[in-house]
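K.L.:
Here's the letter readout for the chains.
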Amino acid sequence: MEMTFKTFLARPEWFLDNTVAPLVFTIVALVYFKTLQMQNFTLYAVFGAGVAGMWATTLWGSGNAIEFERWGGTLEYTLVSPMRLWKVVLGRALTYAVLGLVMMAEVMALAMIIFSIPLQIGNPIAFLISLIATTVSFTVLGMLFATTFVLSRASRSLKNLLEPAAFALCGVMYPVAVLPFWVQLVSFSLSPTWGMETMRATIQQEVLPATFSWNLFWLMIITLIYLAISWFFFRVVENRARVKGELEKI
Amino acid sequence: MRASTNSWSQSARAFFAEITLSYKALFTWLDLKNYTVMKFAAPLLEMAFFSFLGKFAAGEPGMQYAAFGNALMAMGVNTVMGVVIVIGAERQFGTLSSLFATPANRFRVFFGRTIFHMIDGFTGAIIGLTYAALLFGVSFASANLGAMLFIVVFTSIASVGYGLLLGGYSLFSRDVGMIMNAGFFILFLLCGINFPVDALPVWLKPFSYAIPLTYGVMAARKTLQGSGLDGVGDLILWEAITGAAMIIVGYILFNWFEKLSKQKGTLDVM
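Heads up: the sequence lines are chains D and Y, in that order.
Mapping to this note's numbering: the first sequence position 93 is 93, numbers consecutive.
Mapping to this note's numbering: the second sequence position 49 is 49, numbers consecutive.
Take the hints with a grain of salt, since some may be wrong.
[As the list claims (entries may be wrong)] Facing chain D, according to a computed beta carbon distance under 10 Å, are these residues of chain Y, among others:
hint : residue
1    : ASN34
2    : VAL37
3    : LEU53
4    : ALA244
Because the hints were derived from the structure by calculation, they are not lab data.
Bear in mind the structure is a predicted one, so any value in this text is a computation, not a measurement.
Just so it is clear, CB atoms sit at the ideal spot from N, CA and C, and this is done for glycine as well.
I would like the entire structure built from these sequences, with the hints used as guidance.
P.N.:
Listed below in structure tokens is the structure:
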């Protein structure tokens, strides 16, 4: 994690990426919601933009962690080092998930300071629990994606695809009830959907609805399923990468 | 006379080879599989996100408004992602210094890189419009399809100026992704993709009207309601003016950033 964080800071653009990008995204979301005179402004625009930033950072991190190694010609060395690949990727994914949290905090601060939007969280403790559970889930998802990024040289395309997929399917800025029924079935198999549901419930009400525990339960169950799949994939990927011998192909 | 014809055809051949090779070489990640994903799946998901957001805000009409706008946004995506990447990728591949060491005509180098993205932007818009009709309930029953087609072609050409404007900066900065994302968000916000430009705060409107895509989207929306080219003449004129201005300013900046990056020695900085 320390190495990943130092690598992240070594890029002079980190400051731009983590200030200008969320600022632009927040402005787009806020102007959009304000223009359309949408209800639940805070709930959907501000927290939605925050979670979108979190998601983008985690995805960017897990994707680029592999892609930069490929471009730098160090992916083979990483794979043959005594440290297991899943541990390397876990450290990176976790670092970027934490950076994603910082991004979320930034978006909320921007909303409060620049746009004078009062942010109130109905049940702060439950919100914190939901946030931690969602962050863990994003980390595991990042690990899962990283396995495909190792094998495929199309990691950038996959990354570009997964970002709007989560925005569209997981109800980041609107409730999933807006989606057609068959799309909702896909949505509920994705952990960010449950993460959003739990967080929204904690923001809206001090007394949590009965569905809160149920949503949190599903968030954890799906995260565990992702973890099991990524565990299996790491074993397959390590083996296949050696057999195919195409790690350095760009 | 013969010599001049040969010289012209040689020049045309070289230009064609350059635009083809620069597209293929700088888009290595776009093999057929990746290209298909990025061309068909990613725009659909982006369109779905904004369309459902529109539905949440304003019901079915909101969804259809956003779906149509996002179909046209494919042209903007190409100009930003495509044009900025092909210029920025030279740095990533370490060929930027070699390129600037050649005596090649800079305008040809600069403008040649956009040709395929114009075609790509056009096909992207057609794919998007098909999605809008089939999946998001946009009705083309009263549309003037001929006029709409003309506007899509014209906007694909006019939009590259915006990409060139941003692309020039990627010669100087190593953070192509940042430039691309900012440029992308600006188009979503300012060009009337998801809501009318009139709904924007007053201070943002002048920026909207400086971007060619804004006029293209406005004109296309009118043709969807049945308007012919005569009804959108002023919009096409403004699109041409802003598009040409951006290409000229982009070219000046391209030369300036080339000079600046040579002076600062940042050509190969990664």
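K.L.:
Hint by hint, which ones does this structure get wrong, listed from lowest number up?
P.N.:
Violated: hint 4 alone.
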